[in-house]
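S.K.: Chains A and B, in that order, are what the protein sequence lines are.
Just so you know, we're using my numbering here: the first sequence kicks off at 26 and counts up by one.
Just so you know, we're using my numbering here: the second sequence kicks off at 26 and counts up by one.
It should be emphasised that the hints constitute simulated quantities derived from the structure, not laboratory data.
All values reported here derive from a predicted model rather than from experimental measurement.
A couple of the hints might just be wrong.
Just so you know, same-sequence chains aren't split out, so a pair can sit in one copy or run between any two.
Within a straight-line C-alpha distance of at most 20 Å, the following computed EDC-like cross-link-like pairs (lysine to aspartate or glutamate) qualify [stated by the list, open to error]:
1) Lys170 / Asp150
2) Lys314 / Asp96
3) Lys314 / Asp97
4) Lys46 / Glu303
5) Lys170 / Asp69
6) Lys218 / Asp236
7) Lys218 / Asp96
8) Lys46 / Asp68
2 protein chains.
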Amino acid sequence: MVTLGVDLGGTNIKVALVDEKGNILQQASCPTNLPRPAEAVCDDIAALCHQLADGRSDVAGVGIGCPGTVDDATGMVLYSNNLDWSNFAMGPYLQERVGLPVRLANDANAAALGEALAGCARGTDSAVILTLGTGVGGGVVLGGKLLTGYTGAAAEPGHMVINDAPNAPLCTCGRRGCLEAYASATALIRMTKQAMAAHPESGLWQLATLDTVTGRTAFDGRDAGDPVAAGVVEEYTHWLAVGIANLINIFFPQVVGLSGGVANQGEALLKPLRAMVEPMVFGSAFASKHTTLTTCTLGYRAGVIGAALLARN
Amino acid sequence: MVTLGVDLGGTNIKVALVDEKGNILQQASCPTNLPRPAEAVCDDIAALCHQLADGRSDVAGVGIGCPGTVDDATGMVLYSNNLDWSNFAMGPYLQERVGLPVRLANDANAAALGEALAGCARGTDSAVILTLGTGVGGGVVLGGKLLTGYTGAAAEPGHMVINDAPNAPLCTCGRRGCLEAYASATALIRMTKQAMAAHPESGLWQLATLDTVTGRTAFDGRDAGDPVAAGVVEEYTHWLAVGIANLINIFFPQVVGLSGGVANQGEALLKPLRAMVEPMVFGSAFASKHTTLTTCTLGYRAGVIGAALLARN
Numbered sequence: 026m027v028t029l030g031v032d033l034g035g036t037n038i039k040v041a042l043v044d045e046k047g048n049i050l051q052q053a054s055c056p057t058n059l060p061r062p063a064e065a066v067c068d069d070i071a072a073l074c075h076q077l078a079d080g081r082s083d084v085a086g087v088g089i090g091c092p093g094t095v096d097d098a099t100g101m102v103l104y105s106n107n108l109d110w111s112n113f114a115m116g117p118y119l120q121e122r123v124g125l126p127v128r129l130a131n132d133a134n135a136a137a138l139g140e141a142l143a144g145c146a147r148g149t150d151s152a153v154i155l156t157l158g159t160g161v162g163g164g165v166v167l168g169g170k171l172l173t174g175y176t177g178a179a180a181e182p183g184h185m186v187i188n189d190a191p192n193a194p195l196c197t198c199g200r201r202g203c204l205e206a207y208a209s210a211t212a213l214i215r216m217t218k219q220a221m222a223a224h225p226e227s228g229l230w231q232l233a234t235l236d237t238v239t240g241r242t243a244f245d246g247r248d249a250g251d252p253v254a255a256g257v258v259e260e261y262t263h264w265l266a267v268g269i270a271n272l273i274n275i276f277f278p279q280v281v282g283l284s285g286g287v288a289n290q291g292e293a294l295l296k297p298l299r300a301m302v303e304p305m306v307f308g309s310a311f312a313s314k315h316t317t318l319t320t321c322t323l324g325y326r327a328g329v330i331g332a333a334l335l336a337r338n
Numbered sequence: 026m027v028t029l030g031v032d033l034g035g036t037n038i039k040v041a042l043v044d045e046k047g048n049i050l051q052q053a054s055c056p057t058n059l060p061r062p063a064e065a066v067c068d069d070i071a072a073l074c075h076q077l078a079d080g081r082s083d084v085a086g087v088g089i090g091c092p093g094t095v096d097d098a099t100g101m102v103l104y105s106n107n108l109d110w111s112n113f114a115m116g117p118y119l120q121e122r123v124g125l126p127v128r129l130a131n132d133a134n135a136a137a138l139g140e141a142l143a144g145c146a147r148g149t150d151s152a153v154i155l156t157l158g159t160g161v162g163g164g165v166v167l168g169g170k171l172l173t174g175y176t177g178a179a180a181e182p183g184h185m186v187i188n189d190a191p192n193a194p195l196c197t198c199g200r201r202g203c204l205e206a207y208a209s210a211t212a213l214i215r216m217t218k219q220a221m222a223a224h225p226e227s228g229l230w231q232l233a234t235l236d237t238v239t240g241r242t243a244f245d246g247r248d249a250g251d252p253v254a255a256g257v258v259e260e261y262t263h264w265l266a267v268g269i270a271n272l273i274n275i276f277f278p279q280v281v282g283l284s285g286g287v288a289n290q291g292e293a294l295l296k297p298l299r300a301m302v303e304p305m306v307f308g309s310a311f312a313s314k315h316t317t318l319t320t321c322t323l324g325y326r327a328g329v330i331g332a333a334l335l336a337r338n
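Isolated chain A (complex conformation):
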């Protein structure tokens, strides 16, 4: 038995035929071509599904990772800012056109499910996946199932406030001091620029201008021996550690997996991060088992794989 996974993005629609272990057997894609009506986008998804399923009798279902807030129980996309859709019955619409059961998840949740079942947390009982990109996305998988919550909108760990202070950085959600405002790549870039502005002598200026700073700049500066860059990395790592420790104290998961641009630093990020997180974990001195803090392994394929595995759930 195989399933189809759909990663519906603002730029491209990717569809893959995936086996029960999360291996991609075949894939196809097309541009999303926004803005256009939800039905037109779904007709393209259906065409890609038919293309990959053509001649096979072992395709059991379709899973879709969709940006925004979705309700899997009803198949509704409640609201998607990226797609500019609201209250669209995507599940029923696609189910009719593809002729297979359709499951729906938020795109970050689909990717988290992929990592939990077939990536960095494969074979474990619980995982919290954090994506450190433009924002901080996330997903929680418990006993092989996505945590979606009563409203279908779980989990949004990026919008956990870790510093409720009037001078805390503003988050995209309108509040101050969210994890996203401290641990996204965007936040790291902001911290790097602030440090550069405050330290004209910093070696960071040899690596970038204020216009060309990326999420790598501070790490590169630290590796080159610049103390200002090292300070930025330490500050960023601290905030990320506070957020991760909070999530461990809530879920005590077997794995916390990090993905997204900043996670590409690998052990250069993980090693100091683990050292900071450990003493923040409640009761860690008495625990017989500890959470493993690691990086994700599926990369951009996590979305289609997770969506396909959702269709098996």
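Mind docking chain B on chain A? Use the hints.
M.R.: Below, chain B without anything else, positioned relative to chain A:
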């Protein structure tokens, strides 16, 4: 079919025979008489179980709510500060003496399960229960099951840092700015005392001295029209709202239930709290379903009832 629930406290051992709906049919108790060996305490628990099960053939199992960190899978009490036990195989020990399957949960988790299945969240699909007492305890129930995590120690939402600042109040866990340091009754008493010390003119001085302040004092002062007391209640409510909004943004549960001394304020606490929490919830404007914020209903019976219902899981 009925089950036995045990609420093992530092002062008393309470045991109840409970039906499938969470009704207490019969109960018995004895003093815990600490300090004494774990085996002696368990022998008393076993005696109470035998007393309540005597002559019945429909008792299916025993559930125990135990202070500290427990591992239900192995029946081990890993560490209990209150009981001064560590690495005690309580499950197997009791199972042998009572002759019934034994399940183990942390006491706050057992109480949360009781509220979720038979109290304020009965009939719902998910609940986060917070106990606002000496500390901030908690439990999360998803699809009728306790979230215990890989390490068995979940959930400790009281040790979620909401204000990571050098001047944030110190928590009992050794860190600063935890929810417990802002939203426990202890924290409310601290805030009340600080306000009294800073405002000799406050009407709070007519209600209490610094030695007799309780978790009710600030609420009573507010009701009597004292602006300083109103400020304390507002500050306390704000911090509690930040913690609750974080938990909603992570779990999006159907119910958040509050128990413990401060929750006895009922709507006087809940009404302003809901107004503060709502705008903090991510995407609340687009959600079709919202978390219900309420108070717990089982009181001190939540522990035995939840422990008994755990034995049915």
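S.K.: Could you check the structure against the hints above and give me the numbers of any it violates, in ascending order?
M.R.: Hints 4, 5, 7, 8 not satisfied by this model.
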